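Let the hints inform the model, and build the full structure from the sequences given.
The sequence shown maps to residues 28 to 123 in the working numbering.
It should be emphasised that the hints constitute simulated quantities derived from the structure, not laboratory data.
Be aware that one or more of the hints could be misleading.
To be verified - Pairwise CB distance ranges (calculated):
| hint | residue 1 | residue 2 | range |
| --- | --- | --- | --- |
| 1 | F114 | S90 | 26 to 36 Å |
| 2 | P85 | V109 | 27 to 37 Å |
| 3 | V116 | K91 | 28 to 38 Å |
Said to hold, decoys possible - For lysine to any residue, the following SDA-like pairs were computed, each having C-alpha atoms within a straight-line distance of at most 20 Å:
| hint | residue 1 | residue 2 |
| --- | --- | --- |
| 4 | K86 | T70 |
| 5 | K91 | I102 |
| 6 | K91 | Y101 |
Bear in mind the structure is a predicted one, so any value in this text is a computation, not a measurement.
Cβ coordinates follow ideal geometry from the N, Cα and C atoms, glycine included.
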Amino acid sequence: MANTNSDPKLASDGGQLIPAEVQANIRHHDTDPLTQDVAVPGTTVDDEGLINNFATEPKVYPSKYPSPQQQRRYILLGSAAVLLVAFLVWISFSVS
28 MANTNSDPKL ASDGGQLIPA EVQANIRHHD TDPLTQDVAV PGTTVDDEGL INNFATEPKV
88 YPSKYPSPQQ QRRYILLGSA AVLLVAFLVW ISFSVS
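Here you go:
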């Protein structure tokens, strides 16, 4: 069943069909539309003037090989972790 109410207060003028962001950009940037040059790094501007935010990627840098002192520390920490796990397993078997 179709809506037969012809009350002018309930009629749509079509203004609600335009997103508020577009209307605000049109009013705010009427003479100077937003371009890619004006946009913040990590953003793009589409044909309608909407800004799309993207994460900025950090600079990539190669890691440095660990020094001999760091390598010895890694070996010591690894062996301590293995001994701790072995001790905990031994305790759990002895209790059960």
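Cross-check of the supplied hints:
1. Hint check: F114 to S90, Cβ distance near 33 Å, so the stated range 26 to 36 Å holds.
2. Judged by the Cβ atoms, the range 27 to 37 Å given for P85 and V109 holds: they are separated by roughly 34 Å.
3. About 36 Å separates the C-beta atoms of V116 and K91, a value consistent with the hinted range of 28 to 38 Å.
4. Restraint check: the Cα-Cα separation between K86 and T70 comes to about 17 Å, which is no more than 20 Å; the hinted pair holds.
5. Restraint check for K91 and I102: satisfied, since their Cα atoms lie roughly 18 Å apart, inside the 20 Å limit.
6. In summary, the hint linking K91 to Y101 is supported, as the alpha carbons are separated by about 15 Å, within the 20 Å threshold.
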